[in-house]
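Since the structure of chain G is provided, determine the placement of chain A with the ligands on it from the hints.
Chains G and A, in that order, are what the protein sequence lines are.
In this text, residue positions in the first sequence follow our numbering: the first is 4, and each later residue adds one.
In this text, residue positions in the second sequence follow our numbering: the first is 49, and each later residue adds one.
Derived by calculation from the structure, the hints in this document are not laboratory data.
Please read all numbers here as calculations on a predicted model, not as lab measurements.
Backbone N, C-alpha and C fix where the C-beta goes; we use that ideal spot for every residue, glycine too.
A couple of the hints might just be wrong.
Claimed, not checked - SDA-like, lysine to any residue: derived pairs with alpha carbons at most 25 angstroms apart:
{"id": "1", "chain 1": "G", "residue 1": "198", "chain 2": "A", "residue 2": "113"}
{"id": "2", "chain 1": "A", "residue 1": "119", "chain 2": "G", "residue 2": "223"}
{"id": "3", "chain 1": "G", "residue 1": "198", "chain 2": "A", "residue 2": "116"}
{"id": "4", "chain 1": "A", "residue 1": "119", "chain 2": "G", "residue 2": "47"}
{"id": "5", "chain 1": "A", "residue 1": "119", "chain 2": "G", "residue 2": "38"}
{"id": "6", "chain 1": "A", "residue 1": "119", "chain 2": "G", "residue 2": "254"}
{"id": "7", "chain 1": "A", "residue 1": "385", "chain 2": "A", "residue 2": "467"}
{"id": "8", "chain 1": "G", "residue 1": "198", "chain 2": "A", "residue 2": "112"}
{"id": "9", "chain 1": "G", "residue 1": "198", "chain 2": "A", "residue 2": "117"}
{"id": "10", "chain 1": "A", "residue 1": "119", "chain 2": "G", "residue 2": "92"}
Stated by the list, open to error - If you want the footprint, here are the derived chain A segments under chain G, 3+ residues with CB under 8 angstroms:
{"id": "11", "segment": "106 to 120"}
{"id": "12", "segment": "127 to 136"}
Stated by the list, open to error - If you only want the chain G side, here are some residues facing chain A, beta carbon under 8 angstroms, derived:
{"id": "13", "residue": "90"}
{"id": "14", "residue": "251"}
{"id": "15", "residue": "281"}
For reference, the chains in residue letters:
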Amino acid sequence: MMRGLNAAEIGNVIDQMAADRDGAKPIASDPGFIDVGGTVDPKGFCPFDRAGECAMTAVDGGSAVLLDGGSFLIAAVRVGSASYRDREYLAHSEPEFHLLHLSAGDLEDAYSIFFGKTVGGEPPDSPRGLDEAAGRIRTLLEWKAVENVVRDAEPGTITAFDGALWAGIRGIGPMLSRIVESARKKDVELCGISKRSMLTQHSRPLIPAVQIAGDGALPDRAWHYPLQISGYGEKLFGEVHVAKFHPQSRYVFRADLSLPDGTPPATALGKLAYHANDPAYVGYPYPLARVHNDVAFSRSEVEDLRSLLRSEALRKGMDPKEWQLTFQDFHDVLDKGR
Amino acid sequence: MAKDEIGTDVSLGRITGRDVTEIVFRAYRNRDIFLGEMLIGECAEGRRRFILRVINIMHGSEASEAGWAPKTAGAFMDGDAREEEYHVYDADRRLYNHVVCAPLGYLLGEGDDAEFRSPKTIPTHFSRVRRASDRDYRFLERYLGDVKLGSLRSGEHVIPSVPVGIDSGVICQHMGVFATTGMGKSNLMKRMAGAIMESGKAGLLILDPHGEYIDGGKDGLKGLVHHPKAGTNLDIFVTREVAANASDIRISTSEIKVQDMQNLWQFSDPQVELLNAVWSRERDGWLDYLMDNDTQTIFQAFNEQFHEGSIGVVGRRAAVLASSPFVTRDGRISITKTIVEKLHQGKVVLVDLSGASEREELLISSVLARAVFQENSRLFRDKAAFKSIPPCLIALEEAQRVFERAQGGIFPQIAREGRKFKTGLCAISQQPKLIDTEVISQFNTLVILGLADRQDRERLAGSARQDISRLDYEIQTLMTGEGLVTGPNTPFALPLKVDLYETYLAGMAGKPERKRKSADKGFF
Ligand SMILES: Nc1ncnc2c1ncn2[C@@H]1O[C@H](COP(=O)(O)OP(=O)(O)OP(=O)(O)O)[C@@H](O)[C@H]1O
Ligand SMILES: [Mg+2]
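So that you can see chain G by itself, here it is in the shape it has in the complex (with noise of 0.2 angstroms):
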């Protein structure tokens, strides 16, 4: 059976979609850029060097689109975390599995199921569309599982996830102040790290800038570089660095830090360096690396996942024709959500 899944959720997303068959409502998002301003400047690089052996928990989500009815969609969602003492990988537990079925009609009950499972409460407004719904519900699972880990950790473990430190969904800050307060009190440090970052400079893609001058002032040294920034409001929960955590890494990234009292960023970004030097991931922490592996969707598990449901539903009475013309586009969706 696939990595974390429970068998018998196959048959509810089905008994669901069954059950209503609704009309779909637009979809929306908003990235939305946030623009630091000013200029790079080279004395604002500071050097670090790699600690010594440590422990480190990485996070992760992956999620996939694995019907499209076009008024309701089924997807996967599954995080998973992945502990290394020193580079030794510890034994860990399953992944979290949800096959989520989600339609126009009930998406808000949906959500809200899901945000008072993890954050607590109700959600002070609801997604905008079916793969928003997705998106935030996967979100949302990922920083349950954040605070999961942190509240398991060793004292000095260094936690990271895939991402940014800051509420990107309405309602959820209550959330990350809880999670940053144990982490500090545990003495954990949390660290957020991402491949991709919605900041710009005039407009320009902050990242490759700060790499450029970076690589000019510290050549082969491990860099990390602060970031003022103002744009986020009250929703940022921890200090932005663009940092590069091996010498001869060809990529720097996003790192959003929130640490225990007293511990400089050196140190955290250090313990990362040292989980940084795998020959085939050079410069990003390995940890991270394998935690999304973990949790991704492969393309034959996607198959296999809709291979399963289509045998559910015709055994439940579903008329094959009927499911080939609602989902008869599902082509276009293979991979979608990866």
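Okay, now just chain A with the ligands, sitting in the frame of chain G:
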């Protein structure tokens, strides 16, 4: 599954696919697997045990991206240049070995009842692969041969509990022992002679051009005289002074045939005609006749049919033979009869030819081989007498010298006809490529040790009883004393490690029931 130790149930990986001629499995990257090893692919529910021989090993990784490995190696190299350390995370998951195997066959059932089948099907998906254990090898017992040469080998590992040898029942179907120089041919022959001395089930005539079999020839090496059974089961004939109880070699002119002379020199057509004419008239006295008469007399005697030049050449060559200290006109002192008798008693007869010239050596070898063959074919007509003689095996070093052509000479004749008359050949050579293909195809048992030359290997691959073409690389990489046996009764090319003769002797000396006879054996 039990842990480690070579030859026990260690799980090595799982089969990933391919076909009936080739099986590939994914192996843990940190488990040692060697070329030539024999492994077991265990089908689900234990239905069949496939015996797999490793023929190639390659690196594999889970990375889906093409060129991942060179890129990663590049990162390592970059790190080396800057004294940067890199660490492959999850290496056991991401890296593995692809092991390519030739399926040798499969076993149905367990224990002594296990039945061997040739590989006409494939193992189940993802079958577990493990090292073979004694339990898996048990079926081999019925194929291993009673003339023990060594132990079963799996890659580099020797499996002492499974002895391997050749079958005395098929030694008359001829055998070949092939190896590049120094890879252990002579040691193997000594080991085989030892086994035959122990059993007395066959007569073995060893023609030793280098004088290395009597006492080993070199410091630290042992010879046949050191064998505990040498006192009763070994007889030695020599062409030089030796410090052992031995008889001098004498063959008589009447035992030499025109054919033998043709093997020693090139003759023109008229010269051959002359030889045949003399033979027709004088029969066994042909050589004496050539020696006793001068050119003119012969010229006249054959009505001036032959050119005097031809007569001169033939006469001079006859004189060379006749002047050899090992050739006598007196048929009564020839040792050929004695040698044949000893062989019929199931003894090992060692003929040390190191004191003879190469011509003399070939001549004596031919005469002795013919004597055995002729006597055995004569006895063939007398059923009871024939039944009472053991199979006789004639071992010949540098055999390529007499087998370049499939016709002409006593050795090719024995290769063709000997088997019916309990006369087998054991051809030893470091250059099988020089041996005629038709001759090689007469050798039903092949013992192949390390062969560096591709043409040599190809020549054998074409003639072996079992397909050894897949083993080409293994044969090339065999170490001294390691080899493969193919024969009419082997289920597949059996890998073996030949016992070092000296070790074998030491082991025998340790045996409590040994009878030491060598004390009264001359100087030894
Ligand atoms: N089975 C063996 N195990 C260990 N060592 C061996 C074995 N066979 C041979 N050797 C070693 O290799 C040496 C050479 O072996 P041997 O004389 O039998 O080779 P060969 O093939 O007959 O060589 P040549 O072509 O010179 O006649 C031996 O003296 C011995 O030290
Ligand atoms: Mg030799």
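Evaluation of the provided hints:
1. With a CA separation close to 19 angstroms, the supplied pair residue 198/G and residue 113/A stays within the 25 angstroms bound.
2. A hinted pair counts as satisfied when its Cα atoms are at most 25 angstroms apart, and residue 119/A with residue 223/G qualifies at roughly 20 angstroms.
3. For a cut-off of 25 angstroms, the pair hint linking residue 198/G to residue 116/A stands: about 20 angstroms separates their Cα positions.
4. For the proposed pair residue 119/A and residue 47/G, the alpha carbon gap of about 33 angstroms is over 25 angstroms, so the pair is violated.
5. Of the supplied pair hints, the one linking residue 119/A and residue 38/G is violated, its CA atoms being roughly 36 angstroms apart against a limit of 25 angstroms.
6. This hinted pair checks out: residue 119/A and residue 254/G have alpha carbons roughly 16 angstroms apart, not beyond 25 angstroms.
7. A C-alpha spacing of about 21 angstroms is found between residue 385/A and residue 467/A, which places the hinted pair at or below 25 angstroms, so the restraint holds.
8. With a C-alpha separation of about 20 angstroms, the suggested pair residue 198/G and residue 112/A falls inside the 25 angstroms cut-off, and the hint holds.
9. A distance of roughly 23 angstroms separates the Cα atoms of residue 198/G and residue 117/A; the hinted pair therefore holds under the 25 angstroms criterion.
10. At most 25 angstroms may separate the alpha-carbon atoms for a hinted pair to count; residue 119/A and residue 92/G meet this at roughly 24 angstroms.
11. Figure legend: the segment 106 to 120 of chain A, annotated as covered by chain G; annotation consistent (4 residues with Cβ-Cβ distances under 8 angstroms, at least 3 required).
12. Check on the segment 127 to 136 of chain A: 7 of its residues sit with their Cβ under 8 angstroms from a Cβ of chain G, so the three-residue criterion for coverage holds.
13. This hint holds: residue 90/G has a C-beta 5 angstroms from the nearest C-beta of chain A, less than the 8 angstroms allowed.
14. Taken as an interface hint, residue 251/G checks out: its beta carbon lies about 6 angstroms from the nearest beta carbon of chain A, inside 8 angstroms.
15. For residue 281/G, the suggested interface contact is upheld, since its CB lies about 5 angstroms from the closest CB of chain A, less than 8 angstroms.
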